[in-house]
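Undergrad: Sequence:
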Amino acid sequence: MIPRISQAPGVLPLVLDFLKALKQHGFTGDTATDYADRLTMATDNSIYQLLPDAVVFPRSTADVTLIGRLAGESTFQSLTFAPRGGGTGTNGQALNTGIVVDMSRHMNRILEINTEQGWVRVEAGVIKDQLNQYLRPHGYFFSPELSTSNRATLGGMINTDASGQGSLVYGKTSDHVLGLRAVLLGGELLDTRALPTAQAEAIAAEESVIGRIYRSVLESCRDNRALILEKFPKLNRFLTGYDLRHVLSDDLQSFDLTRILCGSEGTLAFITEAKLDITRLPKVRRLVNVKYDSFDSALRNAPFMVEAKALSVETVDSKVLNLAREDIVWHSVKELITDVPDKTLLGLNIVEFAGDDRELIDEQMASLCQRLDELMSTQQGGVIGYQICDDLAGIERIYGMRKKAVGLLGNSKGQAKPIPFAEDTCVPPQNLADYIVEFRQLLDSHNLSYGMFGHVDAGVLHVRPALDMCDPQQEMLMKQLSDRIVELTARYGGLLWGEHGKGFRAEYSPGFFGEKLYHELRRIKSAFDPLNRLNPGKICSPLDSDAPMMKVDTSAKRGIKDRQIPLTVRTSFRGAMECNGNGLCFNFDARSPMCPSMKISGNRIHSPKGRATLVREWLRLLSEQGVDPLVLENGLANRRPSLRGLIEKTRHSWRANRGDYDFSHEVKEAMSGCLACKACSTQCPIKIDVPGFRSRFLQLYHTRYHRPLRDYVVAGVESYTPLMAKAPNLFNFFLKQPWVSELSRRSIGMVDLPLLSTPTLKQALSGHYASTMTMEQLEKLSDEERSHHVLIVQDPFTSYYDAQVVADFVRLVEKLGFNPVLLPFSPNGKAQHIKGFLQRFAKTATKTAEFLNRISLLGMPLVGVDPALVLCYRDEYQEMLGERRGHFKVQLVHEWLQTTLPDSPAQPLNDEPWYLFGHCTESTALPASGQQWAGIFSRYGARLENVSVGCCGMAGTYGHESKNLHNSIGIYELSWQQALQKLPEKRCLATGYSCRSQVKRMEGNSLRHPLQALLEIV
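My numbering numbers the first residue of the sequence shown as 10 and each following residue consecutively.
No wet-lab data here; the hints were simulated from the structure. Quick caveat, the model's predicted, so the values are computed rather than measured. Glycine residues also receive a C-beta, built at the ideal position from the N, C-alpha and C atoms. A portion of the hints provided could be inaccurate.
As the list claims (entries may be wrong) - Now the in silico label distances, taken between C-beta atoms and shown as ranges:
1. Ala-71 x Asp-366: 40 to 50 Å
2. Arg-996 x Tyr-778: 27 to 37 Å
3. Asp-366 x Glu-216: 52 to 62 Å
Full structure from sequences and hints, please.
TA: Set out below in structure tokens:
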């Protein structure tokens, strides 16, 4: 039985009526009222959580116009709406009750480009890096930068007036918006651009909604011009909110309503399209990584770097650097930020020079380096070293590390986590160091740890104090600190919100704007949204409304819900609980391995963040019902099948199939879409291991509901495959029959089942030393003889479905002068783990670990061929068995070759390269593997190039399950298909069995393993 997910309870009838009316009037987008869909929109990268009533995903401006028009009808005037982009906000900007209008799923088209005039027109859901990827071949880029650029939408950037690295030169997002298309509640279209003030006055004279808006904005900005100029700080990061300062030009001859919408956080209109100016890519870029003995030294040293005409100066403290060292990202930058002998690196300034004049850039950089040398020689300024990076790839890797800082801080150990609430303060750069001294004194007085990084050239520093928001006392401390930081920032002539918008912090706006200007903000809100229906509680409320603003210490906080879950459960389910919402798993880049199910579906429940959110709520609901999942798990070991249990499970499954609601079904739906590729366990800064808690959820879910037959087939693959391999021709004959394929699809839900290898591995190695050596014979070998032996650990897929690879590995080992020995097949259990048969997996892992530990005592290398199965010995075995796992180590082929091949003199590389397509689990868990393979090939004069691709879409048996077939093919087409079409197929290689299997299914021919190519050239 497949549970039918019924309508979640608690959805307002009026909301359902609105969604029904949308469809009846031709809405082409998607709508969602499932609890799971709403939960994924209830959080962002902040500490807040607000559950919306529904979510709509428009496909066009016409769809948004329909939303606005229907919302304007009297029937629906009690409904509220909140526009949403990438969901990366740090202060709850897009979180609200009511209906969320998500622009990111479908409205992501780049509509028009004009390189002669230097502009591009885009929809609001286009991602910043997506746009720059499109612009790069034209020689342009969209210059406002931010750390979440690979998942933040341009609509979100405009709504928060985002900015980041390089803003001293490039400015904020609003400085690059030439015009907007927006939809008002009521359905009116509003197109904005810079106009002569006289033309704006003419529009203001019209008796219309648009005329009313122009009239209010003109009067507010012109009548209060002197006060606005006085009140708005002279900072690179000026006040966001409604930008009264820049609506009128300095000479008052030009008027641009665009400036009011930039930074408005969706409180005025739905922004659907934008016309943006674009900047020519600099021809020359140089980076100087300056190292310090303290973070304070880095801060105080920054001003003279700005004076040296640097494009930007980014700073990172020791806490972030140390967290980066523990992350996969350090592999890419460790050669560019090396340690200084006998010195401790406690601060880093990343200084960039960029432009078109190479001589000028080199002169500026040389001048800086000379100054740094002087400081080092005189031991001043805390400078302990520096490194220059002048290649684009290296520069991007360093900024990639810097961009990951937000997520890395979330991976701090302990219950207290660095959180955002006052992390984008901005003060005049000359005040920054002194300001931070007081800031740190404040945090130190409460014995808090914290991480710091930021844009010191603009006076912006990101400071995240570590607090346990499940602790009511620490929750109160957050508000107290917030109030103190507001006072401190104002005293230094700065702003609380220099970069990330206001969100829940808008309660502090009156103090910064003053009573008169805050009144004008409310007047503008009244003109656009008189009934306070667009993202209410943010920025300000209309003049005639007494609706309260959302507050920093609201009860709508994640921690309040999380503390309902027992600490022991929270600790045990760390992966789900500690997701901080940074959203790196929303990375748009098809070549990024994380997260394939999110990339192909566009649905955020199918992301690590979405799945973590759902499991967190599932645990909370269990706690509400008095159910402890740890007790349930512990009881499974002694649980025996019974007729009563079978009847209960059948009854629950029947009720589920009938449509009885259970939130567990929505969690199950999200988990079923996971490929278990484990990229999240390394790529995510928090190391959210979805397959880990996914298997635990599936285990408990299926104590209540029946499993599909397919799960048993997958989990038992290591039991029946060796038996089938005894008669491969017979089984292959049946597997090739169309009626068997159809029967498999209908009754089991499996498609494109692979054929067994013929000849089998046993036949291929019949009588060969590799297959005849027994355990007793191995034990009798001398130490000298053992040093020349290699033990090959079999896996079920390569040994039985791709046996030629193992046979060729035997030949390669022999060719290199060693004696290969094929160990008896012992099940690995990964398939059992994936499907949540954890009790069976524990038995399998225990038995195989005992076998491999016994073998490892012989002191001979253990080598396996398939990355997913070998890495299972390291990860899932350790997780399941702990110390009982023992100390055996199974190496992958390249790991063994690395330590075995003698160093040989460099040989001239062959001009015709080989191309390696890495297995996603391997390339993320072992990021050096591709380069190690390249190094191995180079020892024999062969050139191996690594191809940047994401997941192939097969992921073990995922691609063979009929319900996943469409997505599996779609994932393959995202990156693998395009890359293979550009390269000679016979020179393409892949380490993963599942990858080779997918290519064979899609292209008709399989790729070879790199060891097979190596066999040719050795």
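Undergrad: Checking against the hints above, which ones are violated?
TA: none
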